[in-house]
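The residues making up each chain are set out below.
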Amino acid sequence: MTQNGRPRTLFEKVWNTHIVREQSDDTPAVLYIDLHLVHEVTSPQAFSMLRERGLTVRRPDQTIGTMDHSTPTTPRNELGIIPVADAMAAKQLDTFTKNCSDYGIPMYALGDEHQGIVHVIGPEKGLTQPGMTIVCGDSHTSTHGAFGALAFGIGTSEVGHVLATQTLLQNKPRTMAVNVDGRLGEGVTAKDIILAIISRIGIGGGTGHVFEYRGEAIRGLSMEGRMTVCNMSIEGGARAGMVAPDDTTFEYIHGRQHAPSGADWDAAIANWRRLPTDGGAVFDKEITLRADELIPMITYGTNPGMGMPIDAAVPTPEEETDFNKKTALDKALAYMDLRPGQKLLGKAIDVVFIGSCTNSRISDLRQAAQFIQGRKVAGSVRMMVVPGSQQVKKQAESEGLDRIFREAGAEWREAGCSMCIAMNGDQLQPGQYAVSTSNRNFEGRQGKGGRTFLASPLTAVASAVAGAVTDPRAMLAGLS
Amino acid sequence: MEKLKRIQGSIVSIPVNDIDTDQIIPARFLKVTDKEGLGKAAFCDWRYEEDGETPNPDFVLNKPEYQRASVLVAGNNFGCGSSREHAPWALLGTGFKAVISTEFADIFRNNALKNGLLPIVVDADTQQQLFSLAEEDPSTSVSVDVEAQTLTLPDGREVGFPLDGFSKYCLLNGVDQLGYLLALDDEAQSYEARNPQRVVTTA
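Going down the list, the protein sequences come from chains E and H.
For the first sequence, this note's numbering gives the first residue as 4, with consecutive numbering after it.
For the second sequence, this note's numbering gives the first residue as 1314, with consecutive numbering after it.
Since the hints were made in silico from the structure, they are not lab data.
Every residue, glycine too, gets a C-beta built ideally from N, C-alpha and C.
You may find that some hints are simply not true.
[What the hints assert, rightly or not] Simulated restraints, written as ranges between beta carbons of each label pair:
#1 E:I298 <-> H:D1468: 18 to 28 angstroms
#2 H:D1450 <-> E:V285: 44 to 54 angstroms
#3 H:Q1502 <-> E:D105: 19 to 29 angstroms
#4 E:G185 <-> H:P1475: 38 to 48 angstroms
#5 E:I298 <-> H:Q1502: 38 to 48 angstroms
#6 H:Q1502 <-> E:V285: 30 to 40 angstroms
#7 H:A1506 <-> E:G223: 39 to 49 angstroms
#8 E:E289 <-> H:A1506: 33 to 43 angstroms
#9 E:D97 <-> H:D1498: 47 to 57 angstroms
#10 H:K1376 <-> E:G377: 19 to 29 angstroms
#11 E:I298 <-> H:N1369: 47 to 57 angstroms
[As the list claims (entries may be wrong)] Straight-line distance between alpha carbons at most 30 angstroms, and here's what the computed DSS-like set of lysine-lysine pairs gives:
#12 H:K1318 <-> E:K334
#13 H:K1348 <-> E:K329
#14 E:K175 <-> H:K1318
#15 E:K451 <-> H:K1348
#16 H:K1353 <-> E:K175
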């Protein structure tokens, strides 16, 4: 479907249909926002601004709140309540409750049956749909792009803008096609695809761009796999990453709480089928990876761009010709206490974290549980499994996954962001090494002085069982 | 927001690439409900010893000769990572008015401009020159003219930098961007009349 004969990308189609006022030489475009997700950490100052200026929330019916970032994942008490021990966090959560209540915004409070990580519950409830614009004061809002939505993180000032006007000022980004051709091998997952992409382009490689993930390997992923890929677009510098909607997308959405139904469903599908990029549409940039050449990936450094195939050796700063890059690598290896040329395979670890908006959905937990069933977490390792939402937790428990994790020696927790951002007491101790399914390995991200190796849930489980960084393919081979 | 027309100040450099927002302000400081007091937590894990309070004497921001610096010169791709606006709030709170780098992460740049913290993009040679100048002479001062979009180095050389017209207008006049959006209410209503609501969260 073209307009004026010119083929258009998925991004351009969504962008064009949300223009309230066109971009000019003097002003950015004004975009209409279909869905605004809010959470406790990046919203309080925006609500304060509304109060100071006597403004209201324009569309509470297009806004939804959940508590996730600073919430404890510790067990419920005898009253079924998850206690919040941290006074500052408790105050922030109370403030959020009051703000949502005062402005009529529906909100899932800590422990509610629909509470969870904001990027898990949007899709789960059928709120995330193709062709929409979705924003949230959180950089991993890119997750929702898996549905062919234009979804990106915003700052707190912009949270205020959207609350007050349901619109946002944006300069039009450039587009970058990220082709992943071929098929993934056994033991290689969506997480390995995105870690490979980021290690190739670098942490700033996508700055100013929106990614569109394309190709056979992307088409072959489940919605949850596509969410894992889109989630980490920001780790490649792109505010948004998108996948064209297809039958996999429609099957996922169908029947969910906020999905269209009846005749509306048929009309929606007809619209959504017009969204994919037209043949001949041009991207500003393009890169291609071969999925069949990928093996499980792992990061060795202090940003997600510092990743490598799991059997590779840590790079040598002396071989880096760019002075700034050499300095960054020196600094990263010093923080991680790793030697140039060292292999990570066999490196002893202390903690394994399965969770976060990258890898905490039911399929992640099923895959991890299936892999760990009949095995034990090494005695030297603490393994935490944190479901992405209360619904994921409930589903997992109905399938007995919690029992499998517990029997293997892992902790089964309440839902939330947990050790991905380490605001809630779930954190590494100084010097500890973790294999984590989350999205950031920045210095101190998972706890001051903690050291993070980012990897897939399969690599995380294999490493938990071995007590050291382990290629899951070795264990999968042993299984079959 | 106060008007920002000119900046005249001494520079301090952190010549590290990819300084992420978790370094600028670690997540454990995000449990606030206002913008106050974040300045002392800026670069917390680099700036203080293990106890989180004792200044690390080796960290450049703790050196007496750099205490008055108001312009930060940083490695490439400054501000990558999270969307936390606490990052520019913390930098402003610790006395910075501008950050110079070869590139800024998109969300950080947007957040900075909305708070009157000026992100100045320069070429790699200028960046290296500023790194050297800051190290050799802590009193090295630069001046910035927002209207002309120029950075003037100690040797008198003027370097232009990009700044979108709208952000520039807001900085020069000390107005925030929300007023512009509020004034477009008719256009937003007209958009809503033309386009059916996509989801109803209250349903």
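Hint check results:
A hinted range of 18 to 28 angstroms is violated for the C-beta pair I298 (chain E) and D1468 (chain H), which are about 52 angstroms apart. The beta-carbon spacing between D1450 (chain H) and V285 (chain E), approximately 49 angstroms, falls within the hinted interval of 44 to 54 angstroms. Distance hint check: the CB atoms of Q1502 (chain H) and D105 (chain E) are about 24 angstroms apart, consistent with the given range 19 to 29 angstroms. Distance hint check: the CB atoms of G185 (chain E) and P1475 (chain H) are about 39 angstroms apart, consistent with the given range 38 to 48 angstroms.
One distance hint, 38 to 48 angstroms for the beta-carbon pair I298 (chain E) and Q1502 (chain H), is violated here, with the actual separation near 54 angstroms. Checked against the hint of 30 to 40 angstroms, the C-beta distance between Q1502 (chain H) and V285 (chain E) comes to roughly 35 angstroms, which is consistent with it. One distance hint, 39 to 49 angstroms for the beta-carbon pair A1506 (chain H) and G223 (chain E), holds here, with the actual separation near 41 angstroms. Between E289 (chain E) and A1506 (chain H) the C-beta distance comes to about 39 angstroms, which sits within the given range of 33 to 43 angstroms.
Between D97 (chain E) and D1498 (chain H) the beta carbon distance is about 32 angstroms. The supplied range of 47 to 57 angstroms is therefore violated. The hinted window of 19 to 29 angstroms between K1376 (chain H) and G377 (chain E) is violated, with their beta carbons roughly 57 angstroms apart. Between I298 (chain E) and N1369 (chain H) the C-beta distance comes to about 40 angstroms, which lies outside the given range of 47 to 57 angstroms. In summary, the hint linking K1318 (chain H) to K334 (chain E) is not supported, as the alpha carbons are separated by about 37 angstroms, beyond the 30 angstroms threshold.
For the given pair, K1348 (chain H) sits about 36 angstroms from K329 (chain E) by alpha-carbon distance, which is inconsistent with the 30 angstroms threshold. Proposed proximity of K175 (chain E) and K1318 (chain H) is supported: the alpha carbons are some 27 angstroms apart, at most 30 angstroms. With a C-alpha separation of about 23 angstroms, the suggested pair K451 (chain E) and K1348 (chain H) falls inside the 30 angstroms cut-off, and the hint holds. Simply put, K1353 (chain H) and K175 (chain E) have alpha-carbon atoms about 36 angstroms apart, too far for the 30 angstroms limit, and the pair is violated.
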